[in-house]
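Trainee: Letter by letter, the chains look like this.
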Amino acid sequence: MFARDHATARGIRVTEFHMTWLVRYARSSIGAKHIMAVTGLLLFLFAVVHMIGHLQMFGGRDMYNTYAHFLQSLWEVKWPVRAGLLVLLIVHIIVALGLVAKNRAARPERYAKFKPVVSSAAGRTMAFTGLAVFAFIAFHIIHFTVGWVQPEAFHTLDAEKRWDAYSMFVIGFQNPAIYGVYFAGMVLLALHLGHGAASWLQSLGLRHPKYPVDRLGPLIAFGLFVGYMAPPTAVLVGLIRMNGVG
Amino acid sequence: MSDLNLTLHVWRQRNAKSPGKMVTYKVTGVSTHASFLEMLDILNEQLTAKGEEPIAFDHDCREGICGMCSLMINGRPHGGQRATTTCQLHMRHFKNGDEIWIEPWRAEAFPVIKDLCVDRTPFDRVIAAGGFITANCGSAPDANDILIPKESADDSMDAAACIACGACVAACPNGSAMLFVAAKLAHLHRLPQGQPERMHRTQAMVTAMDAAGFGNCSNHYECEAACPKDIKRDVMALMNRDYAKAALASRDRETKSDGSG
Ligand code: FES
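Chains Z and S are the protein sequences, given in the same order. If you count the first sequence from 1, you need to add 114 to reach the working numbering. If you count the second sequence from 1, you need to add 654 to reach the working numbering.
Next comes chain Z alone, as it looks inside the complex (with noise of 0.2 angstroms):
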């Protein structure tokens, strides 16, 4: 293999070999940066989508349980699918873990005093929320999908003798723990979308005057916010209960 030597900073020679040239992008720090706003934006679009279904339970027990169940019967897409979104979390998370270490190791002494002044607390704790959302998709996963927290809720039928998701979306967020649980995971996701859905279009080199998406990042991830706690909060009010919304 050919090598090549650089002097760094500090005179620190350091060896870099040839690597194909997808290799070097992806190692590369914008390459990097691309990566983390296309898996990004697919994973932001997922939780759109997956929103969107959530709100189905305004429409009662019969509309949420038929989309329930046509989600479960796609066998053949579901699970193509919840393979692609590990996948793209997966990237998400290491590409990131690599880029907090090199971005440390380049700020290696801090200042006495540092006044950020456009920054967000949002953008600057982008590890931060990242890994807790991360956490709360485990449980997320661990509640409703293997059904590991609340079990009593989770294996009834309905009426036409499918698999019960409005009862157990009830009975769940009757509970206010798991309503404290879902309504940090949601801020947490708010505040990490917030930049993600500012940052996406700059990093692609895709900003352009006429679409300002990136001033409106935060009104998108509060409007996320607003459509996933909607249904656990008529939950808890009252509004939607086991017979009936309304």
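For the record, the hints were derived by calculation from the structure and aren't laboratory data. Incorrect hints may appear among the rest.
[To be verified] Capping the alpha-carbon separation at 25 angstroms, the derived lysine to any residue pairs in SDA-like fashion look like this:
(1) Z:227 with S:677
(2) Z:229 with S:718
(3) Z:216 with Z:238
(4) Z:324 with Z:227
(5) S:886 with S:809
(6) Z:229 with S:677
(7) Z:216 with S:887
(8) S:704 with S:676
(9) S:671 with Z:228
(10) S:804 with Z:322
(11) Z:229 with S:888
(12) S:749 with S:688
(13) Z:229 with S:667
(14) Z:229 with Z:328
(15) Z:216 with S:775
(16) Z:216 with S:729
(17) Z:229 with S:673
(18) Z:324 with S:704
(19) Z:229 with S:675
(20) S:883 with Z:263
(21) S:768 with Z:223
(22) S:749 with S:691
(23) S:886 with S:720
(24) Z:227 with S:661
(25) S:883 with S:734
(26) Z:275 with Z:184
(27) S:675 with S:751
(28) S:768 with Z:218
(29) S:804 with Z:325
(30) S:768 with S:809
(31) S:675 with S:702
(32) S:899 with Z:202
(33) Z:324 with S:888
(34) S:883 with S:728
Position chain S with the ligand relative to chain Z; hints supplied.
Mentor: Relative to chain Z, chain S with the ligand alone:
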């Protein structure tokens, strides 16, 4: 206007190897007409008179065009006045009795040489990696031989205003140099003369930037706020887009970070 008496907390470091620390000084009789650097000159005179070692800091033109002056002043590069270098920052912005914190740029790629002076050589390496533009030699071309739209010329000029002071790196929580590198690229790529080597240059300069140990951009835009020449984030969007094109779609042969590829 009356003169100022100030308390300064200044980073002192004997050389690149030894550890540094913040040291507190009192400086007296500073005219509000003085620039920030002249204030440091006054302090240095007072230190020299006392037999102490004067504070080392970078400066050259003192008129905001060379990019030598630096200094993190109260947590903001160049003191945080919009579009102002430290040499153009005037003491009338301070009040009698103020406490001022003065630190060097902090980045792995910019090691401290002494006190407030840092080594910004990595910027030179990035520039060298950019190579040259293709231009015909021979007799001087006629004016307006190459037609350039006014907007392109203006945009290019805006990017060319970068004086490579490093405030963007200093302000970035990640120590990223992307605003600088992107400004240098946009300066050429917004003009027809920069086009022949555009893909190659983008790859070479980004590779040199990465090799120098700068951090990665997280779209915080602290660089934009800190830039004494008001360079806008648009140049980074251009670089991000060009880099994707260059890395994924160009037929460029292997690019070396020294720009010779
Ligand atoms: S000393 Fe030249 S820009 Fe400040």
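Trainee: Hint by hint, say whether it matches the structure.
Mentor: Now the hints, each set against the structure:
At roughly 14 angstroms between alpha-carbon atoms, residue 227 of chain Z and residue 677 of chain S fall within 25 angstroms of each other, so this suggested pair holds. Pair hint residue 229 of chain Z plus residue 718 of chain S holds up; C-alpha atoms about 23 angstroms apart against a cutoff of 25 angstroms. Distance restraint check for residue 216 of chain Z and residue 238 of chain Z: the Cα-Cα separation of roughly 15 angstroms lies within the 25 angstroms cut-off, and the hinted pair is therefore satisfied. The straight-line distance between the Cα atoms of residue 324 of chain Z and residue 227 of chain Z is roughly 38 angstroms, outside the 25 angstroms bound, and the hint therefore fails.
Simply put, residue 886 of chain S and residue 809 of chain S have alpha-carbon atoms about 10 angstroms apart, close enough for the 25 angstroms limit, and the pair holds. The suggested pairing of residue 229 of chain Z with residue 677 of chain S holds, with an alpha-carbon distance near 20 angstroms, which does not exceed 25 angstroms. For the proposed pair residue 216 of chain Z and residue 887 of chain S, the alpha carbon gap of about 22 angstroms is at most 25 angstroms, so the pair holds. In summary, the hint linking residue 704 of chain S to residue 676 of chain S is supported, as the alpha carbons are separated by about 19 angstroms, within the 25 angstroms threshold.
For the proposed pair residue 671 of chain S and residue 228 of chain Z, the alpha carbon gap of about 24 angstroms is at most 25 angstroms, so the pair holds. Taking the CA atoms of residue 804 of chain S and residue 322 of chain Z, the gap is about 20 angstroms. The hint holds against a cut of 25 angstroms. Distance restraint check for residue 229 of chain Z and residue 888 of chain S: the Cα-Cα separation of roughly 23 angstroms lies within the 25 angstroms cut-off, and the hinted pair is therefore satisfied. With a CA separation close to 13 angstroms, the supplied pair residue 749 of chain S and residue 688 of chain S stays within the 25 angstroms bound.
Proximity of residue 229 of chain Z to residue 667 of chain S is assessed by CA-CA distance (about 23 angstroms); at most 25 angstroms being required, the pair is judged to hold. Among the hinted pairs, residue 229 of chain Z with residue 328 of chain Z is consistent with the structure: their alpha-carbon atoms are about 23 angstroms apart, no more than 25 angstroms. Annotation: proposed proximity of residue 216 of chain Z to residue 775 of chain S holds, straight-line Cα distance about 20 angstroms (limit 25 angstroms). Between the alpha carbons of residue 216 of chain Z and residue 729 of chain S the distance comes to roughly 23 angstroms, so the proposed pair stays at or under 25 angstroms and holds.
Annotation: proposed proximity of residue 229 of chain Z to residue 673 of chain S holds, straight-line Cα distance about 24 angstroms (limit 25 angstroms). A hinted pair counts as satisfied when its Cα atoms are at most 25 angstroms apart, and residue 324 of chain Z with residue 704 of chain S does not qualify at roughly 61 angstroms. For the suggested pair residue 229 of chain Z and residue 675 of chain S, the alpha carbons sit about 20 angstroms apart, so the restraint of at most 25 angstroms is met. Under the criterion of a C-alpha separation no larger than 25 angstroms, the hint pairing residue 883 of chain S with residue 263 of chain Z is inconsistent with the structure, at around 56 angstroms.
A hinted pair counts as satisfied when its Cα atoms are at most 25 angstroms apart, and residue 768 of chain S with residue 223 of chain Z qualifies at roughly 15 angstroms. Restraint check: the Cα-Cα separation between residue 749 of chain S and residue 691 of chain S comes to about 16 angstroms, which is no more than 25 angstroms; the hinted pair holds. A threshold of 25 angstroms between alpha carbons decides the hint, and for residue 886 of chain S with residue 720 of chain S the separation of about 19 angstroms falls inside it, so the pair holds. For the hint pairing residue 227 of chain Z with residue 661 of chain S, the CA-to-CA distance comes to about 15 angstroms; that is within 25 angstroms, so the pair holds.
For the hint pairing residue 883 of chain S with residue 734 of chain S, the CA-to-CA distance comes to about 12 angstroms; that is within 25 angstroms, so the pair holds. For the hint linking residue 275 of chain Z to residue 184 of chain Z, the alpha-carbon distance of about 14 angstroms falls within 25 angstroms, and the restraint holds. A C-alpha spacing of about 22 angstroms is found between residue 675 of chain S and residue 751 of chain S, which places the hinted pair at or below 25 angstroms, so the restraint holds. Annotation: proposed proximity of residue 768 of chain S to residue 218 of chain Z holds, straight-line Cα distance about 23 angstroms (limit 25 angstroms).
For the proposed pair residue 804 of chain S and residue 325 of chain Z, the alpha carbon gap of about 24 angstroms is at most 25 angstroms, so the pair holds. Taking the CA atoms of residue 768 of chain S and residue 809 of chain S, the gap is near 37 angstroms; set against the 25 angstroms cutoff, the hint is violated. Between residue 675 of chain S and residue 702 of chain S the alpha-carbon distance is near 20 angstroms, which keeps this suggested pair within the 25 angstroms criterion. Distance check on the hinted pair: residue 899 of chain S and residue 202 of chain Z sit about 23 angstroms apart at the alpha-carbon level, within 25 angstroms; holds.
The hinted pair formed by residue 324 of chain Z and residue 888 of chain S meets the criterion: a straight-line CA distance of about 13 angstroms does not exceed 25 angstroms. A hinted pair counts as satisfied when its Cα atoms are at most 25 angstroms apart, and residue 883 of chain S with residue 728 of chain S qualifies at roughly 20 angstroms.
Checked against the numbered hints above, the structure violates hints 4, 18, 20 and 30; every other hint is satisfied.
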